[in-house]
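Engineer: As a plain string of letters, each chain reads:
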Amino acid sequence: MIAAFALILVCQLFGEVVSELFDLPVPGPVIGLVLLFFGLLISRKPPKVLTDAADNLLIHFSLLFVPAGVGVVTQIDRLKGDWLPIAAALTVSTLLTMVLTALLMSKLFPKQETAEKAEDAQ
Amino acid sequence: MNETDITQLWVYLSTKPLTGLTITLVAYAIGFWLYQKSNRNPICNPVVIAIALIAFVLHLTGTPYAAYFEGAQFVHFLLGPATVALAVPLFRQTATLKRALPVIVFGVLFGSLVASASTVILAWALGASPETLASLAPKSVTTPVAMGIAEEIGGVPALTAVCVIATGIVGATLGPMVMNMARLKDWRARGFAMGVAAHGIGTARAFQVNETAGAFSGLAMGLNTMATALTIPFLWHWIFG
Numbered sequence: 001m002i003a004a005f006a007l008i009l010v011c012q013l014f015g016e017v018v019s020e021l022f023d024l025p026v027p028g029p030v031i032g033l034v035l036l037f038f039g040l041l042i043s044r045k046p047p048k049v050l051t052d053a054a055d056n057l058l059i060h061f062s063l064l065f066v067p068a069g070v071g072v073v074t075q076i077d078r079l080k081g082d083w084l085p086i087a088a089a090l091t092v093s094t095l096l097t098m099v100l101t102a103l104l105m106s107k108l109f110p111k112q113e114t115a116e117k118a119e120d121a122q
Numbered sequence: 001m002n003e004t005d006i007t008q009l010w011v012y013l014s015t016k017p018l019t020g021l022t023i024t025l026v027a028y029a030i031g032f033w034l035y036q037k038s039n040r041n042p043i044c045n046p047v048v049i050a051i052a053l054i055a056f057v058l059h060l061t062g063t064p065y066a067a068y069f070e071g072a073q074f075v076h077f078l079l080g081p082a083t084v085a086l087a088v089p090l091f092r093q094t095a096t097l098k099r100a101l102p103v104i105v106f107g108v109l110f111g112s113l114v115a116s117a118s119t120v121i122l123a124w125a126l127g128a129s130p131e132t133l134a135s136l137a138p139k140s141v142t143t144p145v146a147m148g149i150a151e152e153i154g155g156v157p158a159l160t161a162v163c164v165i166a167t168g169i170v171g172a173t174l175g176p177m178v179m180n181m182a183r184l185k186d187w188r189a190r191g192f193a194m195g196v197a198a199h200g201i202g203t204a205r206a207f208q209v210n211e212t213a214g215a216f217s218g219l220a221m222g223l224n225t226m227a228t229a230l231t232i233p234f235l236w237h238w239i240f241g
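These protein sequence lines map, in sequence, to chains A and B.
With full-length UniProt numbering applied, the first sequence has no gaps in its numbers, which climb one by one up to 122 at the end.
With full-length UniProt numbering applied, the second sequence has no gaps in its numbers, which climb one by one up to 241 at the end.
Treat the hints as calculated values from the structure; they're not laboratory data.
None of the values given here were measured: they were computed from a predicted structure.
Honestly, I wouldn't trust all of these hints.
List of simulated lysine to any residue pairs, SDA-like, C-alpha gap at most 20 Å [stated by the list, open to error]: (1) 80(A) / 56(B); (2) 80(A) / 55(B); (3) 48(A) / 81(B); (4) 16(B) / 26(B); (5) 111(A) / 102(B); (6) 98(B) / 44(A); (7) 185(B) / 207(B); (8) 107(A) / 212(B); (9) 98(B) / 37(A); (10) 45(A) / 34(A); (11) 48(A) / 10(A); (12) 48(A) / 1(A); (13) 80(A) / 52(B); (14) 111(A) / 180(B); (15) 16(B) / 67(B); (16) 111(A) / 101(B).
Model the full structure from these sequences, guided by the hints.
Structural biologist: Written as structure tokens, this is what we have:
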């Protein structure tokens, strides 16, 4: 478990160093993600301790968003001024992106399983 | 204990990292409990409940965000390693990836571009400030990455975090309804779209509804994280100089 966590941190550290060194606009953890992904592809069968450590980190992924989200208290003034464009752009853009992407992909994916009862399920 | 004692005790406690960390975990535990009590109704999002509870406590006690973050940073720190860890669920989708790679790459690039372009154009048309535009642009990728991108292009990371979480909640709650109205029935396409538009919060929702949708959502979220982080900063500097 410690070794697996250390490996994840090494990937992140490598990503931060590469991002800083080459002045890349890509965040360090993303480079770490790519590095680990290619490492997994090469190893073919990743060690269980590593996948367990990753799964444990991701179980409560949403908890990790809380501290940043509380930052809303520092943004009240900005939100007061810009709340309408923010709320409208967020809502319209998110739903537009979702429908357009789903339409595109349902055309592009080879025919296979379909959700017959999508209306009931959600 | 009189009121001054309590005030002094709070002044002492609020400087300890333990307090911010404890509040974060307790608030999230309450949020998660309510979420389960509501039969996992997406309206009862544990992140929203936790943020609201903590913001309320900070407001009530007059504690500045910086003091709270002294403790909460330990939770916040884990976003980095967790982002790296996304490589594991992504790896599990390798077989799918190999089968439909060109289609998937095209879909991710398409979704990534629609998400940021439509937000920026809409917000600009409605008169948002330049910092707000830069903070909104990466709204459809997972928080740590979105905050990193926003910082790169001159946005306000804290505002980005708020927008990203709001995006996830809008996508997870209203998204399925809108896709039903558009008569979209392919679970693969629905999941994929959820991951591209509403990142981790949407993916968590997709997994609850359908295993296939969840897997495709996770795949799309992971690839979109990379696509957006690799394209937005370059595009932004290219367009806005």
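Engineer: Take the hints in turn and mark each one as holding or not.
Structural biologist: Going down the list of hints, with the structure as the test:
1. 80(A) / 56(B): This hinted pair holds, its Cα atoms lying about 18 Å apart.
2. 80(A) / 55(B): holds (16 Å)
3. 48(A) / 81(B): Holds, at roughly 17 Å.
4. 16(B) / 26(B): Distance ~16 Å between residue 16(B) and residue 26(B) Cα, so the pair holds.
5. 111(A) / 102(B): holds (16 Å)
6. 98(B) / 44(A): This hinted pair holds, its Cα atoms lying about 14 Å apart.
7. 185(B) / 207(B): holds (16 Å)
8. 107(A) / 212(B): holds (17 Å)
9. 98(B) / 37(A): holds (14 Å)
10. 45(A) / 34(A): holds (17 Å)
11. 48(A) / 10(A): holds (18 Å)
12. 48(A) / 1(A): Holds, at roughly 10 Å.
13. 80(A) / 52(B): Holds: residue 80(A) and residue 52(B) sit about 17 Å apart, inside 20 Å.
14. 111(A) / 180(B): holds (19 Å)
15. 16(B) / 67(B): holds (8 Å)
16. 111(A) / 101(B): holds (16 Å)
Of the hints listed earlier, there is not a single one the structure fails to meet.
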